[in-house]
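Quick mapping for you: the protein sequence lines, in order, are chains L and U. Just so you know, the numbering used here puts 494 at position 494 of the first sequence, and the rest follows in order with no gaps. Remember, the numbering used here sits 1000 above the position in the second sequence when you count from 1.
Be careful, since some hints might not be right.
Negatives, chain L to chain U, calculated, CB over 12 Å [stated by the list, open to error]:
{"#": "1", "residue": "52"}
{"#": "2", "residue": "67"}
{"#": "3", "residue": "96"}
{"#": "4", "residue": "136"}
{"#": "5", "residue": "257"}
{"#": "6", "residue": "262"}
{"#": "7", "residue": "438"}
{"#": "8", "residue": "484"}
{"#": "9", "residue": "495"}
{"#": "10", "residue": "499"}
Just a few of them, taken from the derived set where beta-carbon distance is under 7 Å, the chain U residues facing chain L [stated by the list, open to error]:
{"#": "11", "residue": "1009"}
{"#": "12", "residue": "1011"}
{"#": "13", "residue": "1015"}
{"#": "14", "residue": "1018"}
{"#": "15", "residue": "1030"}
{"#": "16", "residue": "1034"}
{"#": "17", "residue": "1044"}
{"#": "18", "residue": "1089"}
{"#": "19", "residue": "1099"}
{"#": "20", "residue": "1103"}
{"#": "21", "residue": "1111"}
Capping the alpha-carbon separation at 30 Å, the derived lysine-lysine pairs in BS3-like fashion look like this [as the list claims (entries may be wrong)]:
{"#": "22", "chain 1": "L", "residue 1": "266", "chain 2": "L", "residue 2": "118"}
{"#": "23", "chain 1": "L", "residue 1": "486", "chain 2": "L", "residue 2": "136"}
{"#": "24", "chain 1": "L", "residue 1": "486", "chain 2": "L", "residue 2": "266"}
{"#": "25", "chain 1": "L", "residue 1": "266", "chain 2": "U", "residue 2": "1065"}
{"#": "26", "chain 1": "U", "residue 1": "1065", "chain 2": "L", "residue 2": "66"}
{"#": "27", "chain 1": "L", "residue 1": "266", "chain 2": "L", "residue 2": "247"}
Because the hints were derived from the structure by calculation, they are not lab data. Since the structure is predicted, the reported quantities are computational estimates derived from the model, not experimental observations. For every residue, glycine included, the Cβ atom is placed at its ideal position computed from N, Cα and C.
Take a look at the letters that make up each chain.
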Amino acid sequence: MSAPADETLSADVLVIGGGPAGAWAAWSAASHGARTVLADKGYLGTSGATAPGGTNFLYVEPDDAKRSRMVEERLASGGGLSEGPWIYRLMEQAYLNIHLVEQWGYRFPLDEHGNLYKAHMQGPEYMELMRRVVRKAGVHVLDQHPALELLSDEHGVGGARGVNRLNGRSWEVRAHAVIIATGGCAFLSKGLGCNVQTGDGQLMASELGVEMSGMEFSRQYATTAAFGTITRNRLLSFASFYNEQGKLVHEGGPRGDHFFAVQLDKGPLFAQLTHADTPDKREILRASTPLWFVPFDRAGIDPFTQKFPIAMRYEGTIRGTGGIRIVGEDCSTAVQGLYAAGDAASREKTAGARSGGGAYNASWAIASGTWAGQGAARYAASQKVEARQRELRPAGRHGLEHTAVTTDPIPVREVVNRVQQEMFPLRINYFRSEPVLAASLERLNQLWPLVQGSVSPGVTAAVQSREAAAMVVNARWMYTAALLRKETRGMHTMAEYPVADERLAHRLLLSGTDRITYRPEYVKARGGSVLPPVIVKEGQPI
Amino acid sequence: MIELVSEDRCITCGLCVRVCPTNVFDSDDNGLPVIARQEDCQTCFMCEAHCPADALYVAHHADEKVEVEEADLIARGLLGSWRATIGFGSHGAVSMAATDTTPILRTMRASIQSERSV
């Protein structure tokens, strides 16, 4: 057991995470009458993969034929693991909420027909707006308050505790319902905005017995200038590519699926934006994706006239698909009072076996946050005993001061480096094959005892030790699931099994942290009714 | 990574310490932000975007230190350049969202794709 917290709060709903999913969840919970607290590891407005750059959204006009066609295409590419009614619902909810974003004051540009173009948003302005929306809804926002573990009793979850990174004091929030919106896990790869997301929420949920689903669908990298972090790929459509000798290897236009991985596996690869060959075109590229140019301008490289080296950064389950298994239409999990939203949750219901990257995941953050917020608010309203009167216990089991089983300090840097050595190489994680993954999983399993050690003094060590434990367990789930899926389906490939196996046309649910077990979940892709969207009162300018 | 806090420009508001998503800064006894954990910087440029005094500089390299000179950065117009591009602090006179050329970019991309596939 651990000591009482320095600061305590009580609420109906606690949202953990302040990226888009957490923001929408907190807004939705508060708008449904719940006293809501949002605790973020960083800062609501800058945290998460969305805030720094631009993001596409699924924004489809309510045209039945068009939506049906898109749902069918999506079902077909999802390897039989997505569900039609959820895709419909996602489209409708994202469409309605993006209207609210417009009413709140986001300044969408015009398209060539003079209509507002709402399928793309610039992250800094979007998330700055969401911060104001959340605060105006009455949410109590706790920035720089990483959650370290959940609280629970026989009735389910009842809050969380963590530490304030600015003053080192511990905090505890007791709440009837908790929404995990901590994002995916990218193993500190420095993909744009990805380093806040170290899989903490997945570990917290698993410690309460919640299953993970789809962790094998995590073979996702993004290209960037080799020195930089701006993992927004679209401008590379305007590039030609060269090898180290300066020989042209691709002159632009359509590329094969594996182009970057295959080329970078051979050796260094260089790009130049040769297809943006007039001042007008160059201005359009700049104004569409301004952040992409910042590292170039600072390095003194002109990407239109000079070649620059490119690299791939791993995006883990952020642009992958796996995460906390959702069981209810309100994004509830198998534990009473616990909900998941955004990239912390499995996105298989809408993405299936493919990447939900870009538009789908960004819209999923909006929709799942909205659904989870309503579900959590309703659940909280149905509870009779005040959360602060329950006999709640800290539920963390790994990487915490009170869970240490040895006195050896957790070697955070060593563990992180060794996890990255297993997760980042294309030869292990991209070109997947059975013996290579099996050997890697064995090495990852050897890291697990290291994160059961003691925690060095100080707030940074407390947070980073827990992150190290979360990254090791997420990596082990990923390769455990990958090895179970002896086939190629969606984004998961296996050299020995190059085609889909119909006997594996099911999801893989994993449970446990010390010992990982699994079971299949069969999916009905069609049928069932589409739930109506959540409607919150009309938005006013914020 | 973050390379510079301009003591000359800093107004010790503490905002960068609060907004950094990966907790790179500490405050010293005078309230001045200190780059305490540079290795944790994810090169997301968000601190610069929020700095009201244009006192911060994030260099282009994510994994290696880059030597910078404040006078040189000012001469090149780089201190505060990202905040100016977004339009933060401009009270709406500048908005990266409002001037987003994504709709035209999509058309241009589509034409490269089809031109090259024939």
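**Request:** Against the earlier hints, flag every one the structure doesn't satisfy and list their numbers going up.
**Result:** 1, 11, 12, 13, 15, 16, 18, 21, 22, 23, 26
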